[in-house]
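What follows is the residue order along each chain.
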Amino acid sequence: MNKDLEITVSHKGDVSIINIAGEVTAVTGEAIEKAYADLSGNNAKKILLCFEEKSYINSGGIAILIGMVSESKKREQIIRITGLSEHFQKIFHMVGLTKYTQIFPSEELALENF
Amino acid sequence: MQGKALHTSKKPARELEESQRELERRIFHLKTLFDVSKEIVFLKTPIDIMKTLLMMIMGTFGSVCGVIVLINTQKRKIQEVAQRSIPQSSIDALSYALETGYSDKISAITGPHILCISDSTQRTKNKEVFDLLSLCNIHTWIPFNVNDNLIGGIGLGDKMTGDAYTSDDRELLSTLSSQGAVAIQNALLLENMKREELMRANLSRYLSPQIVEHIIKKDVEVNLGGKRKVITILFMDIIGFTSLSERLQPEEVVSFLNEYFKEMSESIFRWQGTLDKFAGDQIMAFWGAPVAQPDHAELAVRCALDVSKKLDVLRQGWKREGKPIVDCGIGLNTGEVLVGNIGVEGMKMDYTVIGDTVNLASRVEKLTRKYDTRILITKNTLAHIQGSLDANKIAHIKLTDLAEVKVKGKEKGVRIYKLESTKNYLKIITD
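Chain order of the listed sequences is A and B. For the first sequence, position 21 matches number 24 in the numbering used here, and the numbering has no gaps at all. For the second sequence, position 199 matches number 1089 in the numbering used here, and the numbering has no gaps at all.
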């Protein structure tokens, strides 16, 4: 069974941050989708996905993120990612997510580069 | 020398990197196989399995859009669709095309033939199919079989990387589609079992176990809508119930009624009747619906004789136990009725029968008091069992022509007959 996923939303300046901790799967990832939808509804243009270091993402979770990144292009939003382990950075690169979004080694660096 | 050494060390490093990437890719694919089986094992419905499988596949390959379709080839209908990032209008167009003629083309492409638009030979050979799939920007199609009547297909859009689906990708897709097919088949079997259980529980309330199993196993469509049918109706009523209920405590009356109803219901089910209702101390049953029973009259008559025999045994027991002894009157009539689910949907609805044939059966039952007999049948019922009587299929019975009863709206009445068994199972009990 899936472990819990904890999502919190915060804001720094004009950047909305979705903080993600736990296991991201097709089922638990719906919470991330909802948080993204709520932010989009409020016209957020800059969104940072901030993963906790020990977060785990399976293929279903990656599909959730692919959907969000595809949607962000249509909405002219910028999505950045930080906090991913090296392993998941490689997987994101493998599936082509890094063609459409940038991964940063820290939250500060990600915020500076919006 | 140093230059040559440098040149030699770069190439292995690059190859090493590629090998490392390839290894990580394969590990990721293996992990996907494990995650898919772990995720879908807990899912109970085909649509949930399809949605999860599609997400896992799209996430593994970085596909920008995808669809999984389940097609019932017998009914030529789309059974389920799971999709992601495809406009509903495109899905509707694909579903319409599949249902109106293309399903034959899709079903013709089974087995290991994964279709990829990047393969020029396939593209030429299956142009119509690719044109159809292009409605949803699907460029790769992975077919799978669930069972004899159900086929499916996983359709994927381009990869985010822009790369084509490799032969390794196709191998993994084939394995994942097989996993999905097995999970869907199991879910359908589970759904079928639950449906059967519910059907069994609902039907068992008023149908005999044999008829219930016949309906379930033969998948006979039980038409619960209104229909006109010729059936046989039986009413039975306790004679002496009023004085009994006055003499006993309420809980004793309930206990007595439950014992009586249990015994009588067993006889009705034994003779494959449909138990309509208990109303006070009255029981109503009928034969010939919802499942056709050509021998409905004979079954009803045999049930009446069985009930009579059982009552003799019960009366002996009541006498032995010092309990009040009652008798019952049984009336049978055969004819056309309106049969169906009558009532208010969602509130109170019963599968029952209405019409003059029913009213006459009830009147005939009440006449058992007047004629001091346990079982009365009408000429209508007699006419339906005459063949069996002539063939001696119903033996050891005696029929006595008693009288003619008036029938509403008809000039001519109907003859009624006393029916009794000539076998003396017990010494006659007198109150």
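If you are wondering where the hints come from, they were derived from the structure by calculation, not from laboratory data. Where is the CB? At the ideal position from N, CA and C, for every residue including glycine. Just to be clear, a hint being listed does not mean it is correct.
Unchecked claim - Within a straight-line C-alpha distance of at most 20 Å, the following computed SDA-like cross-link-like pairs (lysine to any residue) qualify: (1) B/Lys928 with A/Lys76; (2) A/Lys93 with B/Lys928; (3) A/Lys77 with B/Ile976; (4) A/Lys93 with B/Asp1058; (5) A/Lys93 with B/Glu1141; (6) A/Lys93 with B/Gly1052; (7) B/Lys921 with A/Asn46; (8) A/Lys93 with B/Asp1262; (9) A/Lys93 with B/Lys921; (10) B/Lys1049 with A/Lys57; (11) A/Lys93 with B/Asp925; (12) B/Lys1017 with B/Tyr986; (13) A/Lys57 with B/Glu914; (14) A/Lys102 with B/Lys928; (15) B/Lys1199 with B/Asp1262; (16) A/Lys102 with B/Asp1262; (17) A/Lys37 with B/Ile976; (18) A/Lys76 with B/Glu907; (19) A/Lys76 with B/Ile976; (20) B/Lys1049 with A/Lys37; (21) A/Lys93 with B/Lys1017.
Claimed, not checked - Computed footprint of chain A on chain B; a stretch qualifies when at least three of its residues, placed anywhere within it, have a C-beta under 8 Å from a C-beta of chain A: (22) 948 to 961; (23) 1029 to 1040.
Numbers of the earlier hints that this structure fails to satisfy, in rising order: The structure breaks hints 1, 2, 5, 7, 8, 10, 14, 16, 18, 20, 21, 23; every other hint is satisfied.
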